Amino acid sequence: MITRRTALIGTAMATLMAVVPVLADEAANPTLNALDLPDQTANLERVQATLVAPPAVMDHDRVAPGAPKIVEFTMTIEEKTVVVDDQGTTFQAMTFNGTMPGPTMVVHEGDYVELTLVNPETNEMPHNIDFHAATGALGGAALTLINPGEQATLRFKATRTGTFVYHCAPPGMVPWHVVSGMSGTLMVLPRDGLKDERGNPVTYDTAYTIGEFDLYIPKDENGNYMTFESVGESYADTLEVMRGLIPTHVVFNGAKNSLTGDKAMTAKVGERVMFIHSTANRDTRPHLIGGHGDLVWETGKFANPPERDLETWFVRGGSAAVAIYEFLQPGIYAYVNHNLIEAAELGATGHVKVEGEWNNDLMMQVSAPAPIAVQ
Amino acid sequence: MLANGKKTLLPLFAVLSLPLVAGAALPGAAEPAGLPELVRIEESSITYRLPGEYLVGRTATNAPLEKISLTRPFEIMRRQVTAGEYGRCVEAGGCLALDAPQAADMPVVGINWHDAVAYAAWFSRETGETWRLPTDREWSLAAGSRYRDDALTDIADAQDPSRRWIALYEAETARGADVDPTPRPVGHFGSNEHGLLDMGGNVWEWTDSCYLRHRFDPVTDAESVVENCGIRIAQGSHRAYMTTFFRDPKAGACSVGIPPANLGIRLVRDEPGALQVLKTWIGL
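Protein chains in written order, with our numbering: chain A, 5 to 379; chain B, 345 to 628.
Some hints could be false.
[Said to hold, decoys possible] Computed spacing ranges between beta-carbons, pair by pair:
hint, chain 1, residue 1, chain 2, residue 2, range
1, B, 400, A, 52, 56 to 62 Å
2, A, 274, B, 511, 17 to 23 Å
3, B, 498, A, 312, 23 to 29 Å
Calculated directly from the structure, the hints in this document are not laboratory data.
Remember, predicted model here, so these are calculated numbers, not experimental data.
Positions of the beta carbon are idealized from the N, C-alpha and C atoms, including for glycine.
If we strip away everything but chain A, and leave its shape as in the complex, we get (with noise of 0.2 Å):
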């Protein structure tokens, strides 16, 4: 019996043998015409990371302790019903390991990434990931795709420092899957540490790691969002809204207000917070309200020096930035799509609740409102 599920994995593998040769020189196995090196990594260290959700960042030393390892990590697939406004409006979702984005890696320059990708049989859709970190092979996408049921792992050397966005990128339904939520961060981070534009050492007391989502989510003939069973059921109409590329949310991890409330993230003054902040598909402008950027990698790139004194950094869309804060006055911080339509209209804002001491010498209000003196 063929099901709506077997037919979809079935247009999307005969996508794949119509797409992959035009996209690609490596062939579906481009390992089959590998150069013959001795294995580099026979007798390096394993590890195994520990993911955590974001806006939380994996625990990570912040200079590489020794030599490269081998940094073992393991994500599942998760196709999920998600609410991602106050109105309990509806999205079918793919993620990595269930959130939006997937969970933030980390590693050093030099060590090995070996990711054990799983499509659990609950899935509807073949999956992949396209690291944009990694050498070859779409990005590892054309070794990693998998139906439901079927799990693969795959490695890479980290050779290059920097934010990069991974992404699921399956043959014919690459867009798709990105902005169903299938996206990420890979951190790179030199072997000695992150530098200023001087060479001076970097430090950060906290990372947090925000993705920004464009989300498609149809309307019926009333303009109320539909509700679909599956992500499968939703594509048809989704591809529709897409196409017109005007998103109906714009949020930060996957779901309006995921960052505000009791879920905003928080600082004391005179710490010094990291925020990732990934787009896989469309190009953000991130902004403090009432801070800065000390120190910015708008690219996301940490070969090259950073920027400081920024007010907004331009993320372009498939892409990480990095900025670094050190927060000097306590109160709430909003965190914005400085496009702030979306902000305040289509959800990219979360807050960040900083407490401290107040310092007049930055600022202080001279005079409070008042009715307008007579001259």
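Since chain A is already given, all that's left is putting chain B on it; use the hints.
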């Protein structure tokens, strides 16, 4: 329902062409069938937080609390105006259409202050009576045990304004989690001790009270008040200061603070005063 009232009243309008006169024909007579049920608030005492923002010097602080009691009884709708009732005002050209269709028997939502005032004006013409929005004080007295103090923290630190901001943010976060905006049938949120339905439910009600900023100078004892009537108070499970042309209270939720879930209408009926009696007499 109200259509019955319309049938009764229209010939009067036609003959006399003076709504006030038509209205004067009604007092004393039985209410036309289908008019919204009224509750006459005879007695009520609450501890009332004066509306508006208060500054002592440069420091934002809580408004004073006062024990207040009803001084003059008034009549108020037992339930909120429904979408069907509002729809008749739209059909008659007295109100602007809603942004989206709503079930006729549910409390109308998506109403801005101007819509609410227009509805009161149309309903007054229709019935020949004087219907209006309650003041914040009237609404609070009618709410009685359902009135909620909107002071969320006592922190008022002249040296560090951030302490109050953070305390308010945390209190609003805790408060905001409970309000589900999904429309509910009339009576879903129960009645208060006066028999009023759904006070403090998930539909906030526009009042006629303007935003006020009081300022007290502890050095000179000078006091000033600035009023901004482009912002009015919507009352519900907490007091909300809303821009008068907002129909959707969630608009612009980028800033800190939890907005009302929905905006709707409940009207007060004024008893005919001496002026109306006089006009009636002249008209006749």
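So the hint says 23 to 29 Å: do the beta-carbon atoms of residue 498 of chain B and residue 312 of chain A match that?
For residue 312 of chain A against residue 498 of chain B, whose Cβ atoms are near 41 Å apart, the range 23 to 29 Å is violated.
Distance restraint evaluation - residue 400 of chain B, residue 52 of chain A, Cβ atoms, bounds 56 to 62 Å:
58 Å, holds
With respect to the beta-carbon atoms only, verify the hint that residue 274 of chain A and residue 511 of chain B lie 17 to 23 Å apart.
Holds - the Cβ-Cβ distance for residue 274 of chain A and residue 511 of chain B, about 21 Å, lies within 17 to 23 Å.
Hint check: a violation occurs at hint 3 only; the rest are consistent with the structure.
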